[in-house]
Amino acid sequence: MTFINYASKEINCKIVYYGPGLGGKTTNLQYIYNKTAPDAKGKMISLATEADRTLFFDFLPLDLGTIRGFTTRFHLYTVPGQVFYDASRKLILKGVDGVVFVADSQRERMEANIESIRNLESNLKEHGLDLKTIPYALQFNKRDLPTSMPVDELYRTLNFKREPTFEAVAPQGVGVFDTLKAVAKLILIELRKR
Amino acid sequence: MPSANFVVYEDEFRQLEDALRRLRQEANAKAVFLIDKNGQQIASTGEIEQFDTTSLASLTAGNVAATDGLAKLIGEREFSVLFHEGQQDHIHISIVGRRAILLVIFDDRSSLGLVRLRVKRASGDMERIFDTMAKKGEAAESSGEASPFSEITEEDIDALFSE
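Chains A and B are the protein sequences, given in the same order. Counting from 1, one number per residue, gives the positions in the first sequence under my numbering. Counting from 1001, one number per residue, gives the positions in the second sequence under my numbering.
Bound-form chain A, shown alone:
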C-alpha cells in the first residue's frame, strides 16, 4: 500500500526482501546501505539475535529523488528467514508494495528456497495479496560458490511468471542494485495504473 502525502509531496513505498535463512537478504541491504550517498539514506536498523541472525527485521529507508514533483522514498525491509519465525514474517509483509525473493543458489538449499516461496505465497494471501500479481523480482544469490546450481536449472524451478531475475554475489554487490531497481520500477508502474 503506497503512502501518498499531497501536503509534503511524498510517495513512500515498502519493499520486502524474502527468502530462506542465511540466503543473503540482510547482506543485500547492507551493500545498498554502504553504497548509497549519506543524504539519500536513513539509518539502517537490524533487529538481530546475538549470533547476528535476523530476529524481527532489518530496515533501510532510501530516498531516490523526485518523480512528477513528489519525493520518492523506498522503505526496504528484510524478514527473518528461519522457518520458525513465520509469525514475524507475516507481520512484516503488511502493506508491502513489492517483494524481492533472495534465493540461495546452492543445491542443498533448493528445498528451502521452494518452501520459502510457498510460505511467501501463503503469507501474502493472508494480507489479501497475490504473488502472481504483486511487483516481484527474483535474485539467485551466492553465484560465486562452487556448490551453486546452474542458472537455467534454478530459473526453471524458481521463476514462475517470468519475473525479472538476477544473478548475484551480495557481499560484492553483484546484482544487488539491479534487483532493487527492477522491483522499484515494477512498483512505480503499478502506481501508474491506479
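Because the hints were derived from the structure by calculation, they are not lab data. Be careful, since some hints might not be right.
Listed below are the simulated DMTMM-like cross-link pairs for lysine to aspartate or glutamate, each with C-alpha atoms no more than 25 Å apart in a straight line [what the hints assert, rightly or not]:
no.	chain 1	residue 1	chain 2	residue 2
1	A	90	B	1036
2	A	9	B	1011
3	A	9	B	1125
4	A	125	B	1078
5	A	9	B	1047
6	A	161	B	1158
7	A	185	B	1158
8	A	185	B	1078
9	B	1072	A	121
10	A	185	B	1076
11	B	1072	A	86
12	A	90	B	1068
13	A	35	B	1158
14	A	181	A	63
15	A	35	B	1052
16	A	41	B	1011
17	B	1037	A	153
18	A	181	B	1154
19	A	41	B	1052
20	A	43	B	1036
21	B	1037	A	130
22	B	1135	A	190
23	A	185	B	1036
24	A	9	B	1052
25	A	9	B	1036
26	A	9	B	1138
27	A	185	B	1155
28	A	94	B	1089
29	A	41	B	1158
30	A	43	B	1049
31	B	1037	A	190
32	A	94	B	1068
33	A	181	B	1156
Given the coordinates of chain A, work out where chain B should sit on it, guided by the hints.
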C-alpha cells in the same frame, strides 16, 4: 494485487497537524507522532529534531504489529495502548481509527494519566479527520479523477535511478 493506496490530502494533513499540536500542548509532551500502521510517518510535532523520526516510525509500527500478534494469540482483538517507561523519557503508543498509531514521548513534566486523558480526546478528533479523508479518497476514485502518477513515463522512472 496490492491494496489501495493510503492518500493524505493537504486540508486533512493540516487538520491532523493541528490536532497533534493541540495534543502536545495539552499533554505537556516532548513530541507527538502520527504513524501509519505500515511504518510510515504521517505527521509530527514538538522536539522532533533530536529523534531519528523515520526509524522511530518503523520500529513503532513493528512494535505495534508484534503486540497485535500477541493479542491475537491469546484471543484478544488488540491491545489498544502500549506504554514504555524509561528513566527520563516515556513512550505512550495507541491506535487511532484502526489504521494509524499515535506516539507520545513525554518526561516528568507530564504524567501517564494526563497523557492518557488527552490522547483519548485527540483520538476522537483524528478519527473524524480520517473518516473525511477516506470519503474523499473514495470520491476521487469513483469520479475517475486522474492521479498525478497516471502519466509517469519510463523516462521518469529511469531518471530516478540515474541520479
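Now for the hints, and whether the structure bears them out:
no., hint, verdict
1, A/90 <-> B/1036, "holds, 17 Å"
2, A/9 <-> B/1011, "holds, 13 Å"
3, A/9 <-> B/1125, "holds, 24 Å"
4, A/125 <-> B/1078, "holds, 21 Å"
5, A/9 <-> B/1047, "holds, 23 Å"
6, A/161 <-> B/1158, "holds, 23 Å"
7, A/185 <-> B/1158, "holds, 8 Å"
8, A/185 <-> B/1078, "violated, 36 Å"
9, B/1072 <-> A/121, "holds, 22 Å"
10, A/185 <-> B/1076, "violated, 40 Å"
11, B/1072 <-> A/86, "holds, 15 Å"
12, A/90 <-> B/1068, "holds, 12 Å"
13, A/35 <-> B/1158, "holds, 19 Å"
14, A/181 <-> A/63, "holds, 13 Å"
15, A/35 <-> B/1052, "holds, 21 Å"
16, A/41 <-> B/1011, "violated, 29 Å"
17, B/1037 <-> A/153, "violated, 40 Å"
18, A/181 <-> B/1154, "holds, 13 Å"
19, A/41 <-> B/1052, "holds, 12 Å"
20, A/43 <-> B/1036, "holds, 19 Å"
21, B/1037 <-> A/130, "holds, 21 Å"
22, B/1135 <-> A/190, "holds, 23 Å"
23, A/185 <-> B/1036, "holds, 23 Å"
24, A/9 <-> B/1052, "holds, 20 Å"
25, A/9 <-> B/1036, "holds, 16 Å"
26, A/9 <-> B/1138, "holds, 20 Å"
27, A/185 <-> B/1155, "holds, 11 Å"
28, A/94 <-> B/1089, "violated, 29 Å"
29, A/41 <-> B/1158, "holds, 19 Å"
30, A/43 <-> B/1049, "holds, 15 Å"
31, B/1037 <-> A/190, "holds, 22 Å"
32, A/94 <-> B/1068, "holds, 12 Å"
33, A/181 <-> B/1156, "holds, 13 Å"
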